Amino acid sequence: MWLCINNSRRRSEAIGDTESWSTAMPFLAGSQNTTINGSSLVDQSISNISVTNGQTGIDILLEASNRDAAHDSAAREYDPRCHPGTREQHIEDIVYWAVPASGADVPLPLFWMKGLAGVGKSAIAQTCAERLKGLGKLGAAFFFSLKGRDKASEFIPTIAHQLSTEFPDYRELVDHRIRHDRGILDKMMAVQFQALIVEPFQELERAGKGIGKRIAIIVDGLDECDSADAQCKIIELIAGAARDGAIPFCWAFFSRPEAHIKASFTHADVARVTCTTSLPISNDTNSDIELYLRNGFENILRRRDIPIKSQWPSDDDIQTLGIRSSVAQQKEWRTKAEEYMPIG
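Residue numbers are given in the UniProt record's numbering: position 272 of the sequence shown equals residue 272, and the series is strictly consecutive.
By construction, these hints were calculated from the structure, which means they are not laboratory data.
All of these numbers come straight from a predicted model, not from anything done at the bench.
There could be a bad hint or two in this list.
[Said to hold, decoys possible] DSBU-like, lysine-lysine: derived pairs with alpha carbons at most 35 Å apart:
1) Lys151 x Lys213
2) Lys187 x Lys262
3) Lys262 x Lys147
4) Lys137 x Lys151
5) Lys151 x Lys187
6) Lys262 x Lys233
7) Lys147 x Lys209
8) Lys209 x Lys233
9) Lys151 x Lys133
10) Lys262 x Lys213
11) Lys233 x Lys213
12) Lys187 x Lys147
13) Lys233 x Lys187
14) Lys213 x Lys187
15) Lys233 x Lys151
16) Lys213 x Lys133
17) Lys209 x Lys151
18) Lys209 x Lys137
19) Lys133 x Lys187
20) Lys213 x Lys147
21) Lys262 x Lys151
22) Lys137 x Lys147
23) Lys147 x Lys233
24) Lys137 x Lys213
25) Lys137 x Lys187
26) Lys233 x Lys137
27) Lys262 x Lys137
28) Lys133 x Lys262
29) Lys209 x Lys187
30) Lys133 x Lys209
31) Lys133 x Lys147
[Stated by the list, open to error] Distance windows between CB atoms, simulated:
32) Gly148 x Gly245: 18 to 24 Å
33) Ile300 x Gly208: 56 to 62 Å
34) Ala101 x Glu203: 43 to 49 Å
35) Arg303 x Ala268: 54 to 60 Å
36) Leu146 x Ala101: 36 to 42 Å
37) Tyr78 x Arg304: 21 to 27 Å
38) Pro100 x Pro280: 23 to 29 Å
39) Arg182 x Ala259: 17 to 23 Å
Cβ coordinates follow ideal geometry from the N, Cα and C atoms, glycine included.
I would like the entire structure built from these sequences, with the hints used as guidance.
Right, here's the structure in full:
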């Protein structure tokens, strides 16, 4: 029931902020589409989410989350993506892991892609998130970053809020829990994870309202979370739920191979539910850079109405530029290249 309140002060004084109208006014119990002239109460039966002090539980959850961490947030609009035609094998492998072919063996529920800084992990994570979203298989994503998206305390609320926008039945359960215990959002991460994610989805499953299996959640830049202990805790909690089959998700992590993260993923209890892959610097990376360069130079020619068939620059020049983008400088090299050679 959605309550439209014209005189919140009188309502508050009469029945309290959190008491339901059906309890305070039993003659309205079970009624629908009811209008009482001269009163401040209008029952339009729009939804089952109630309002407390002008806020729903979902509103409160949103305040505790980080909106910028989503894969499609405005704050990330210009963050790296994979250039079309690059990193295809890695992207296909991850999408296939998340959405295996019908009849295929079910892959392990956790996936960890490790790699050095600047090799393209975040771009792959972003592209995978977009493709999985298009397939209807993305539940949520959190892109950690030192640019204001590094707080461990925002991780569970952000994942929960994004899931609430995808699954209406889950949304109602979470809304109810937060309205009746706002303190959940001040609890330890393990308590939040259990109360906001594990238990609601278990309740839906018992009620015959489960969401199915293999909904993907992407966690990028875990090493940029503000606490090494929290990074390990996130892995531990999710792996534990995955081992127990407690929630219907598969989780893809992207991070640098920091010692404590590596230790967490290689722990026996975590390793047995995790598929691990490395994203190395290789000849394939040089090929990707060459493709990026060719497309960029073609755009320069196109914008100046110069025929594309013009051999500028030559294949040898393209290869030389690709080779000179050294291992340690690739990220910086691409950033500088974009300043002088607009792509798209």
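We went through each hint and held it up to the structure:
1. Lys151 x Lys213: Roughly 29 Å separates the two Cα atoms, so the pair holds.
2. Lys187 x Lys262: Holds, at roughly 27 Å.
3. Lys262 x Lys147: The hint holds at about 24 Å.
4. Lys137 x Lys151: 26 Å, holds
5. Lys151 x Lys187: 15 Å, holds
6. Lys262 x Lys233: 13 Å, holds
7. Lys147 x Lys209: Violated: Lys147 and Lys209 sit about 38 Å apart, past 35 Å.
8. Lys209 x Lys233: 29 Å, holds
9. Lys151 x Lys133: 25 Å, holds
10. Lys262 x Lys213: Judged against 35 Å, a Cα distance of about 27 Å means the pair holds.
11. Lys233 x Lys213: Holds, at about 24 Å.
12. Lys187 x Lys147: 25 Å, holds
13. Lys233 x Lys187: 14 Å, holds
14. Lys213 x Lys187: At roughly 28 Å apart (the allowed maximum being 35 Å), Lys187 and Lys213 satisfy the hint.
15. Lys233 x Lys151: 13 Å, holds
16. Lys213 x Lys133: Roughly 15 Å between the alpha carbons, so the hint for Lys213 and Lys133 holds.
17. Lys209 x Lys151: OK: Lys209 and Lys151 at ~32 Å, within 35 Å.
18. Lys209 x Lys137: 17 Å, holds
19. Lys133 x Lys187: Satisfied, since the Cα-Cα distance of roughly 31 Å is no more than 35 Å.
20. Lys213 x Lys147: 33 Å, holds
21. Lys262 x Lys151: 21 Å, holds
22. Lys137 x Lys147: Roughly 28 Å between the alpha carbons, so the hint for Lys137 and Lys147 holds.
23. Lys147 x Lys233: 22 Å, holds
24. Lys137 x Lys213: 10 Å, holds
25. Lys137 x Lys187: Between Lys137 and Lys187 the Cα gap is close to 29 Å, so the pair holds against 35 Å.
26. Lys233 x Lys137: 25 Å, holds
27. Lys262 x Lys137: OK: Lys262 and Lys137 at ~27 Å, within 35 Å.
28. Lys133 x Lys262: 28 Å, holds
29. Lys209 x Lys187: 27 Å, holds
30. Lys133 x Lys209: 21 Å, holds
31. Lys133 x Lys147: 24 Å, holds
32. Gly148 x Gly245: 18 to 24 Å: 35 Å, violated
33. Ile300 x Gly208: 56 to 62 Å: Because 58 Å falls inside the window, the suggested range holds.
34. Ala101 x Glu203: 43 to 49 Å: Given range 43 to 49 Å: violated, Cβ gap about 31 Å.
35. Arg303 x Ala268: 54 to 60 Å: 56 Å, holds
36. Leu146 x Ala101: 36 to 42 Å: 38 Å, holds
37. Tyr78 x Arg304: 21 to 27 Å: Once the Cβ atoms are compared, 25 Å apart, the range 21 to 27 Å for Arg304 and Tyr78 holds.
38. Pro100 x Pro280: 23 to 29 Å: With Cβ atoms ~25 Å apart, the hint holds.
39. Arg182 x Ala259: 17 to 23 Å: Because 38 Å falls outside the window, the suggested range is violated.
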